[in-house]
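Top to bottom, those sequences are chains A and B. Residues 1 to 361, numbered by the working numbering, are exactly what the first sequence covers, in order. Residues 1 to 163, numbered by the working numbering, are exactly what the second sequence covers, in order.
These are computed hints drawn from the structure, not numbers from a lab. If you're wondering where the values come from, they're calculated on a predicted model, not measured in any experiment. Take these hints with a grain of salt, some might be off.
[As the list claims (entries may be wrong)] Quick list of in silico lysine-lysine cross-link-like pairs, DSS-like style, CA-CA up to 30 Å:
1. B/K136 to A/K33
2. B/K6 to A/K120
3. A/K120 to B/K136
4. A/K120 to A/K33
5. A/K204 to A/K33
6. A/K19 to B/K75
7. A/K120 to A/K19
8. B/K5 to A/K120
[Stated by the list, open to error] If you want the footprint, here are the derived chain A segments under chain B, 3+ residues with CB under 8 Å:
9. 121–129
10. 222–236
Glycine is no exception: its CB is placed at the ideal position from the N, C-alpha and C atoms.
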Amino acid sequence: MSYRIPMGPYHPALEEPYKLELVCDGETVQDAKLNIGFNFRGIEQLAETRNFIQIVALMERVCGICSNTHTLSICQAVEQIAEITPPPRALYIRVIMAELERLHSHVLWAGVAGKLIGFKTMFMTCFAVREQIMNVLQTISGNRVNYAMNRVGGVNRDIDDPAMILAMIGELEKDMVKTVIPVFTTSHSALSRCTGVGVLSEEKARSLGVVGPTARASGLPQDLRRAAPYAAYEEMDFNVPVEHSGDVKARLVVRALEILESCSILRQALSKLPAGEIFTGDESEMEIPEGRGFSRVEAPRGEVIYSVTWGEDTDTPSRVHVRTPTYINMPAVRWMVRGARLADTPLIQASIDPCYSCTDR
Amino acid sequence: MNLWKKLLCYSRRKSPWLFHMNSGSCNGCDIELIAGLTPRYDAEQLGVKHEASPRHADIICISGPVTHTAVNAMKTVYGQVCHPKAVVAIGSCPASTNVFIDSRVLDGPLDRHIPVDVYVPGCPPRPDAILAGIAKAAEILAARAGQEAQPAAAPVAAEEEKA
Chain A
1 MSYRIPMGPY
11 HPALEEPYKL
21 ELVCDGETVQ
31 DAKLNIGFNF
41 RGIEQLAETR
51 NFIQIVALME
61 RVCGICSNTH
71 TLSICQAVEQ
81 IAEITPPPRA
91 LYIRVIMAEL
101 ERLHSHVLWA
111 GVAGKLIGFK
121 TMFMTCFAVR
131 EQIMNVLQTI
141 SGNRVNYAMN
151 RVGGVNRDID
161 DPAMILAMIG
171 ELEKDMVKTV
181 IPVFTTSHSA
191 LSRCTGVGVL
201 SEEKARSLGV
211 VGPTARASGL
221 PQDLRRAAPY
231 AAYEEMDFNV
241 PVEHSGDVKA
251 RLVVRALEIL
261 ESCSILRQAL
271 SKLPAGEIFT
281 GDESEMEIPE
291 GRGFSRVEAP
301 RGEVIYSVTW
311 GEDTDTPSRV
321 HVRTPTYINM
331 PAVRWMVRGA
341 RLADTPLIQA
351 SIDPCYSCTD
361 R
Chain B
1 MNLWKKLLCY
11 SRRKSPWLFH
21 MNSGSCNGCD
31 IELIAGLTPR
41 YDAEQLGVKH
51 EASPRHADII
61 CISGPVTHTA
71 VNAMKTVYGQ
81 VCHPKAVVAI
91 GSCPASTNVF
101 IDSRVLDGPL
111 DRHIPVDVYV
121 PGCPPRPDAI
131 LAGIAKAAEI
141 LAARAGQEAQ
151 PAAAPVAAEE
161 EKA
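Work the whole structure out from these sequences, hints included.
Below is the structure:
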């Protein structure tokens, strides 16, 4: 006999409000239903009342974890409409900020995964490691979460001290290679919670169209930084880690390897950082012509798409559409939890690194 | 106030347990609150523990600009926390609805629905500011432990004037 277990919207295992309704047979999950919309703030409609300077500050607050991704996407889309090309130094600084953001997001995810496994020491360790990255972000931008780095035509702040970031990367890489990665890949108790849990096969991943680390853990080698380079990613040399087992462990390994790749991208970007201006054009005289801009950015969770339409002779856009990675990845959770144990569902749903504040907007 | 109550007030101040609620926040304040509980900021030095159930908690931390869908759940959670309790509004969103001010789907700011004791402004506030707010709330909690009924809402400014 099957029964239903509602989980959420305000549940201790969930970081954000959403509702998961599980159909269970004993301890085995047969099906899951997802209800979202608790974070709906009407941002797309609000964006239609903001000009091109205000809209950057609004879009930064779509998500507090990948805030830089959203400002980068909106700036790229508006730059496409206005036919502005940011100077090379600005493009490099954008890459550096995007990679620092990926680092802090992945380390945060590792901490949350540790907590859901019941491994509280790992949660504390990951957050202690993450503080090094937060220090760098604070030094560059003055804030720990919403950096306000991007603007239409370039970036707001320069990076004065690349040596400090390089020192942090060395420390972080040491901590990752010596502590975090070995614990997750060799500890028996961590492995037994992750291996073979929440499997998403390659065919299913392809048919659902999942993006980001979830796709790469199911054997789909897709990464926008490689497939459709933006900012200065074309000049970076990096690998796209791919795993084929499609379980929670594969998603963990993909993210761990991505942290190391991000460190390597940061080293290259900092050593090649070209001299020059950090933005182009005067914001007080800039006018956005009629047109449509389209921008795709690889966020820590996957592909973010912005489509911006600007009307004729107006200060404000006529439509801003956002598609976030969690919107694509969350239907996959339904296939992952089928046949899983009830106690594993919080970990399985967290393994796609869901961000419902992005998805609801 | 008898000795038992004095002891009770002292203990309340030394072990405030938190229940965190997201009322449509962007996650920024939420991760900063979590960062406040971890080794660098170490909220446990104040006796603070993150608690999963509102029935075991003393302080409710609310982030987010209060969406229509969150209002009823928030009131339920507020009712479930036992007396004495204190409410901390984390970030600029619950205080003023921040950048989302004209949105039609919001029912904020927070003090329209439940009494707020401490506001921690910032977008998002730093973990040390959040901890300062929680320490302030713990003092309010201790003062309230000696009283029988739940007193009316008093924002930080009013509390300071009294002191």
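- Looking back at the hints listed earlier, which ones does the structure fail to meet? 1, 2, 8, 10
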